[in-house]
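K.L.:
First to last, the protein sequences are chains A and B.
Heads up: the first sequence begins at 1 in this note's numbering, then just goes up one per residue.
Heads up: the second sequence begins at 1 in this note's numbering, then just goes up one per residue.
Think of the hints as simulated: they come from the structure by calculation, not from any bench.
Only a predicted model underlies this, so the values are computations on that prediction, with no experimental measurement involved.
Simulated pairs of lysine-lysine, DSBU-like, Cα-Cα distance not exceeding 35 Å:
1. LYS137(B) to LYS148(B)
2. LYS32(A) to LYS86(A)
3. LYS123(B) to LYS137(B)
4. LYS123(B) to LYS277(B)
5. LYS32(A) to LYS2(B)
6. LYS21(B) to LYS2(B)
7. LYS21(B) to LYS72(A)
8. LYS32(A) to LYS21(B)
9. LYS277(B) to LYS137(B)
10. LYS123(B) to LYS21(B)
11. LYS86(A) to LYS108(A)
12. LYS72(A) to LYS2(B)
13. LYS86(A) to LYS21(B)
14. LYS11(A) to LYS32(A)
15. LYS108(A) to LYS11(A)
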Amino acid sequence: MHKEHAVLAGKLEQELRRGVLILAVLSQLEGKQYGYSLRQLLAAQGMPIEEGTLYPLLRRMEEQGLLSSEWKIDDGPPRRYYMRSKQGNEVYRDLGASWRALVGTLDKMMKETRR
Amino acid sequence: MKPADVIESYVRAVAAQLPVKQRADVAAELRALLAEELADGDEAAALALVRRFGRPSDVAARYHTPYAVIEPADTRSFVLAAVIGALLIPTTNQRLPFSVDSATAQVWFLAWLGTLVILFALKSWAARRWPDSFRWKPSPVRDDDRVKWIEQVALIVVLAFYEVAYLLPGPVISALSGGRVDPGLLVYTQDFANPLRMLWFALFVPVLIALEAMVTLQGRWSRLTRTIEIMLFMLAGTQLGWHASYGDIFANAEADRGARMACQLLGAALEFTAVYKIYREWGRIPPAQKNLHPARA
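If we strip away everything but chain B, and leave its shape as in the complex, we get:
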């Protein structure tokens, strides 16, 4: 290849990545400058020169700051949103009542990624278009370890309700439906009533209630209590997942399907909450010491 062709090829590669209105002018200048730098050099000298100059995409970025579809600063949020979306896609385990085949799951995941790319690209564009609207604003500072009484009491009530409904499904559902559901339909099968299947969730829930009550009385969460809560959430979620997967909870097919659906949804909610809490624990920022903020004292 002639040295002039090496230069020309390089100039075109750089110019092709610039805005259209800049291309011809930059190409003319770059061509002239590189030719002058090269003087009487041969092909090897021409290659060495353009390689020293930099990769065409890097050089183009020096001439004109390219816009990013996803801003580098948003990469972490993008990955996090992609993972959360993937976790929310129903399982491909066909034994579970809510499940999709793997092809559908792949289509949903790709659709989710595509949606995220569009949303982040719009955000990136809006931030360039209206930079003032994207200025950082302070948000209320919360003490995450301080117990919120109302939330805790509500959680304990809900857990206690789950425990009673789990142990006595017939009377509870019948009472909730105003007598429309026959309690006789909601009798556990012998297989499910076996201690190896039913018992575990019934044991986890009271332990969880005891933990929540103890923390409520203490007024604050500690690392130990947070860890125990996560473990209990995961154990209870896993147990409910097994219930949903193995089925044979009630002899009545319709009641069994309803129970499996409830177990899957509740189990998924517990597992999802546990994963969220693990993530928060992992990236936990220790609270500021009070004497560092005299104005707040």
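Bound-form chain A, shown alone:
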């Protein structure tokens, strides 16, 4: 039973994380990053994301106009670098405000339930 709870909690936490992925990625792309370096950066800050999730996500965000990208060849192999677009900056600002409000609301709700 305990194991089932742990599995369920793990799945729900994954869903929770999936919901904030876009915000996490936008937060790290004020400057240019390519897929692998961004993954390392996110992991180093406590937000590990599977490569199979992150790399396609970057493409989709670019299609949505949130990111811009360009290919670069600096000494090493060619890499596609991403950064927030103008629209991405605006969405990041709005999403950030929504996130903070949401965290505040949930905090309040959870404190009230605990009483």
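On the provided structure of chain A, position chain B as indicated by the hints.
P.N.:
Same frame as chain A, but now just chain B:
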């Protein structure tokens, strides 16, 4: 296999499932990223990496949402339509007047499935193309248990007519045809007039008429009356099916064939209606309590 070949094979498998204009660019990026992730890893490490990344079809779906020929939300409707179509295909029982051989039945069923796939694919395409046209619209809310007087009275009249025509086929058909049909042709054979054959349908129909009349007077259907109606429909339909299958209803061959056809069609209609009613009963949604909708009170 070299690790680079594992990566290349994987990249090609993913890219092959993407729209043509996206393929080269995604392949180049994915190749570079996987190579960087793998670094100096061997073949086993390369396999572990791409397996962690996901199945090529799943990964391709993350890059580009694939369209569905049949939307997941339409799967139930598709299965239901396929089953209804299968039920409408004539029987393969060669004893019945309306029947087809099993090869024809299979061809019809496959043709029906093919038609459904095309129709559902068109609907899926139209919903993507014109999403506003597919917005949900409320439909009138009906109280299914409330008796519809006109429909009930019409049903009782039709059932009473069936009963009279069943008991006295000669006079009834002769009168309906304006005397053109000789009532002497429509005399039941001794075998059919045997109580074990003819009697049962003649008994079911009055019971059904009594049930419909009682419900009409009560004004509402209940679970019990709905269940009894379904059972009577099934029993009457089965009895008519036997009539059609065994034949020898009238001595005259032409009249016998006509009677068997009528029995098969009517029996199939009763069975089909019974199956539909069972399906509705099975998935029945209890009506809302009146006080939940004060605006409608």
